[in-house]
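Chemist: With the hints as your guide, set chain W onto chain S.
Here is how the chains run, residue by residue.
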Amino acid sequence: MPRAATAVVVAAGIAGFALATDGFRVLTSEGARRHAVARSPRVLPEVLLEDQNGSALRWADLRGQPVLVEFVYTTCPDVCQQMLSEFRALVETASSMGIDDRVHFVSVSFDPERDTVSQLRAVASYYGADGQRWRFARIGDPAALQETLDAFGIVALPAAGGGFEHNAAIHGLDAEGRLARIGDITAAREMLTWADGRSGSE
Amino acid sequence: MGGWPIRIRVAAAVASWAAVAVVWRRPLEAAMVLHALVQLPLLVAAGALLVPRPAPAVRTSAHPYAPAALLVALFTSALWMLPRLLDGALGDPALETAKLLSLPFLVGVPLRWSWPRLTPLARSFVVANAFSMLLTLGWLYHAAPMRVCNSYLREEQQQLGTAYLVLGALLLVALLPRLFSGRESEHAHARHQVASKTTRGRTARPLASASKASFPCSSG
Chain S
1 MPRAATAVVV AAGIAGFALA TDGFRVLTSE GARRHAVARS PRVLPEVLLE DQNGSALRWA
61 DLRGQPVLVE FVYTTCPDVC QQMLSEFRAL VETASSMGID DRVHFVSVSF DPERDTVSQL
121 RAVASYYGAD GQRWRFARIG DPAALQETLD AFGIVALPAA GGGFEHNAAI HGLDAEGRLA
181 RIGDITAARE MLTWADGRSG SE
Chain W
1 MGGWPIRIRV AAAVASWAAV AVVWRRPLEA AMVLHALVQL PLLVAAGALL VPRPAPAVRT
61 SAHPYAPAAL LVALFTSALW MLPRLLDGAL GDPALETAKL LSLPFLVGVP LRWSWPRLTP
121 LARSFVVANA FSMLLTLGWL YHAAPMRVCN SYLREEQQQL GTAYLVLGAL LLVALLPRLF
181 SGRESEHAHA RHQVASKTTR GRTARPLASA SKASFPCSSG
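Protein sequence lines, in the order shown, are assigned to chains S and W.
Letter 114 of the first sequence, counting from 1, is numbered 114 in the numbering used here, and no numbers are missing.
Letter 146 of the second sequence, counting from 1, is numbered 146 in the numbering used here, and no numbers are missing.
Source of the hints: derived by calculation from the structure; they are not laboratory data.
Treat the hints with caution; some may be incorrect.
[To be verified] Beta-carbon label-pair distances, calculated as ranges: (1) A187/S with V38/W: 51 to 61 Å; (2) V38/W with R39/S: 30 to 40 Å; (3) D101/S with P27/W: 49 to 59 Å; (4) S55/S with A130/W: 51 to 61 Å; (5) T75/S with V14/W: 22 to 32 Å; (6) T97/W with R189/S: 35 to 45 Å.
Fair warning: this is a prediction, and the values are worked out from it, not measured in the lab.
The C-beta atom is built at its ideal place from N, Cα and C for all residues, glycine as well.
For reference, chain S alone in the conformation it holds in the complex (with noise of 0.2 Å):
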């Protein structure tokens, strides 16, 4: 018997690490959302984004064509620094493969205060953003704005300096509008080829 109930306790601690590791497969809930997000499409909330020329955007309104999705604020120094350097990489490799027309890219600002409309604008004229294929967009509400963070899963906590630490990300929406992928920064030639794979033959 007492072998029996160590053989039992083991078994369920295995069974136990499993369910929280989805299988033995993320460690982290950054890993966990992004597991999450790939076996089950995520509906994200219709919230008003507003790009940098101060028009109105809805997730809605990209609908047909997979997007690139990042969440940054400009005065970031770093991690944002190479998030939109990533994405300039990434329209000019679209463009060169001829598939700009049918990937969408939006660098959101999770910091509405700083990143208004001027300084979007600003800063997507710096990198080349054109209005078009590539966005810069705010969402000015509070509200709505945690309720797009949450949906992504996105944690932005004030760090020293005025600034943010994040989780940096390149998150891709399917033609459906649905958040289907997430991935690496490091990684960004495979999410373009992921949302080149789902845009269909437009």
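Modeler: Same frame as chain S, but now just chain W:
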């Protein structure tokens, strides 16, 4: 402390649990180092308070169910070291409730009950693994370029890593003299004597006290 009457122990356990799980829950969870090194251990301690001090004779013989009880504690505590669960508990009430209840009852109680009932080899194994785990986790948290928990800053993660490394070093400092003192073999000899005397129907109390004093991992 383990010799307190049951009502006192239960009251102390409930008060400790309420302090870290209710009253100071948010401040303790606001900082990663407080969450991992204050709240979680105190939840375990609250459960341990429920277990009475074992009779002296218990400490001289291994209990057949002690390994199973120890494994319950080890598996449960290992689960709560997963960044995903630690992180997730902050935003998921069900997970938070699971944490607040499982640490006292599935770690504190079985660990406190099983510890004096384990063989010296099993206790040494646990301590050696705790040492290596502290250093591994400490280095990981200190050196990882990315945050392992979305809810905490990288600076906090590094602080926790440093704290784990310091704890590992302190554990090593505490154990080193005993590792090289040869007391382990004296203890094993004492256990053997106790076992033979108990078989002959004589009391084991004096030697049990001696073993408690000499064994490095003996619980109080």
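Chemist: Taking the hints in turn, state whether each one holds.
Modeler: Hints, verified against the model:
Take A187/S and V38/W: their Cβ atoms lie about 38 Å apart, and the range 51 to 61 Å is violated. Evaluation of the 30 to 40 Å hint for V38/W and R39/S yields a pass: the beta carbon distance comes to about 36 Å. For D101/S and P27/W, the Cβ-Cβ distance of about 53 Å falls inside the hinted range of 49 to 59 Å, so the restraint holds. Evaluation of the 51 to 61 Å hint for S55/S and A130/W yields a pass: the beta carbon distance comes to about 59 Å.
At about 49 Å, the beta-carbon gap between T75/S and V14/W misses the expected band of 22 to 32 Å. Distance hint check: the CB atoms of T97/W and R189/S are about 43 Å apart, consistent with the given range 35 to 45 Å.
In this structure, the hints that do not hold are numbers 1, 5, in rising order.
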